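A.B. asks: If you read the sequences in order, they're chains S and W.
Its first residue numbered 6, the first sequence is counted upward by one per residue in the working numbering.
Its first residue numbered 63, the second sequence is counted upward by one per residue in the working numbering.
It is worth saying that the hints were derived from the structure and are not from the lab.
Computed from a predicted structure; not experimentally measured.
Be a bit skeptical, because a hint or two may be false.
What the hints assert, rightly or not - Computed footprint of chain W on chain S; a stretch qualifies when at least three of its residues, placed anywhere within it, have a C-beta under 8 Å from a C-beta of chain W:
no., stretch
1, 213–219
2, 229–236
Said to hold, decoys possible - According to the in silico footprint, chain S covers these stretches of chain W (three or more CB under 8 Å from chain S):
no., stretch
3, 129–139
4, 172–185
Heads up, the beta-carbon is just placed ideally off N, CA and C, and yes, glycines get one too.
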Amino acid sequence: VNILSFTAVVFAGAIGAGMLGSLTGLGGGVVIVPLLTVAFGIDIRYAIGASLVSVIATSSGAAAAYLREGFTNMRIGVFLEVATTSGAIIGASLTTHLPGSAIEVIFGVVLLVSVFLTVREQEAPSIAAHGHGLGERLRLSGTYPTPEGDVGYTPRRVPAGFGIMALAGALSGLLGIGSGAVKVLALDQAMGLPFKVSTTTSNFMIGVTAAASAGIYLQRGYIQPGLVMPVMLGVLAGSLIGARILVVARVRWLRLAFGVAILALGVEMIVGGLRL
Amino acid sequence: VKSIFSVVAGWSDLALERATGVILRVGVIAAAVLVAAGGVVYLVRSGTQLPEYRTFSISLSAYRSPLAIVRGAFDGHPTALIEAGLLVLVLTPVSRVVFALFAFAVRRDVLFVVFSLVVLAILAVGLTGHSL
Chain S
6 VNILSFTAVV
16 FAGAIGAGML
26 GSLTGLGGGV
36 VIVPLLTVAF
46 GIDIRYAIGA
56 SLVSVIATSS
66 GAAAAYLREG
76 FTNMRIGVFL
86 EVATTSGAII
96 GASLTTHLPG
106 SAIEVIFGVV
116 LLVSVFLTVR
126 EQEAPSIAAH
136 GHGLGERLRL
146 SGTYPTPEGD
156 VGYTPRRVPA
166 GFGIMALAGA
176 LSGLLGIGSG
186 AVKVLALDQA
196 MGLPFKVSTT
206 TSNFMIGVTA
216 AASAGIYLQR
226 GYIQPGLVMP
236 VMLGVLAGSL
246 IGARILVVAR
256 VRWLRLAFGV
266 AILALGVEMI
276 VGGLRL
Chain W
63 VKSIFSVVAG
73 WSDLALERAT
83 GVILRVGVIA
93 AAVLVAAGGV
103 VYLVRSGTQL
113 PEYRTFSISL
123 SAYRSPLAIV
133 RGAFDGHPTA
143 LIEAGLLVLV
153 LTPVSRVVFA
163 LFAFAVRRDV
173 LFVVFSLVVL
183 AILAVGLTGH
193 SL
């Protein structure tokens, strides 16, 4: 297999991963890494380096589109980025000390948890009309558009959200993923934000979080231009295609089906990492 | 500078969000174009060689400083072109934090100016490759 055909196959796989990531709501990173390691036998450090880059591209591209819709809360984003970027540097530092097999096992476990968090039945979010004192003092309140006009909200449990965000940042730096599932958990479950505000604000923060780890990955040789090129372009193209499909189709069953497929990849990574 | 200040001061939240969206879109498109251009040159020049990503070895690029990347990109070196794209890509979210800092400063929102500065400081630590 020469570089030309290798690049073509990786590019095709990355388009598929980008589509799956956006259709399932998992994000491209958690899909492309198992694909590269399990299917192509690529070392996990190169895989998470390529994934981290594609995560910055897809989240920035998607954020640009979401910002026009008026759901993204930029104040909450900037405030919680203090937590996610700190966490990311801790995570990226940790990953440079771990053997590849350990990163694979942790990745597999996080993949399983992410699928569970994303695919599970969403309860109707209990939107906090009157929030936590800190949410009011930091003026984190916002409004979001509904067919009946703008509706207001104020985040509650801000410290808990901040803590979960630091964890999400650490996972992002450790595994080269956006860890959108954990970010949404912090915004939606802990801070009681409306679901669409949670998903768009989570996506808004992913690029900055991943950028915090990028320099460390680059310095350690995780980011190989020849591999990053087809992965970044493929995942970006795939996520754009996936977003188009999402507009025209309700995809609940699709999410479930792909969720199961991705679960299998997660188990495969754990087994591979443990050398069972 | 004073006029930019007064223009942004008059912007609504929605206008700030749209401007942020434009920064992100332009950055991602520019990055993708540079990476694709580098990719074409790379495939033409080394497409027949063999890929080696199965085992990890710390092989660092010859282009590690932003200046070296830009110089190499202007020489049309494929790796440098791809890395120039990655540089633009990483600087895209960074620039939107800088823009937010500016917008908060215009509105004299001291607390959020501080938050933006803290985020930029952490980004500076990470981007210069300082691990803990």
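A.B. asks: Cut-off 8 Å, C-beta pairs, minimum 3 residues; does the coverage of the stretch 172–185 of chain W by chain S stand?
C.D. replies: holds (count 8)
A.B. asks: Taking beta carbons only, do three or more residues of the stretch 129–139 of chain W come closer than 8 Å to chain S?
C.D. replies: violated (count 0)
A.B. asks: Apply the coverage criterion to the stretch 213–219 of chain S and chain W: a residue qualifies when its Cβ sits closer than 8 Å to a Cβ of the chain, and three qualifying residues are needed.
C.D. replies: It holds, with 6 qualifying residues against the three required.
A.B. asks: For the stretch 229–236 of chain S, count the residues whose Cβ lies under 8 Å from any Cβ of chain W; is that count three or more?
C.D. replies: Coverage by chain W holds for the stretch 229–236 of chain S (7 residues, Cβ < 8 Å).
Violated hints amount to a single one, hint 3; each of the other numbered hints is respected by the structure.
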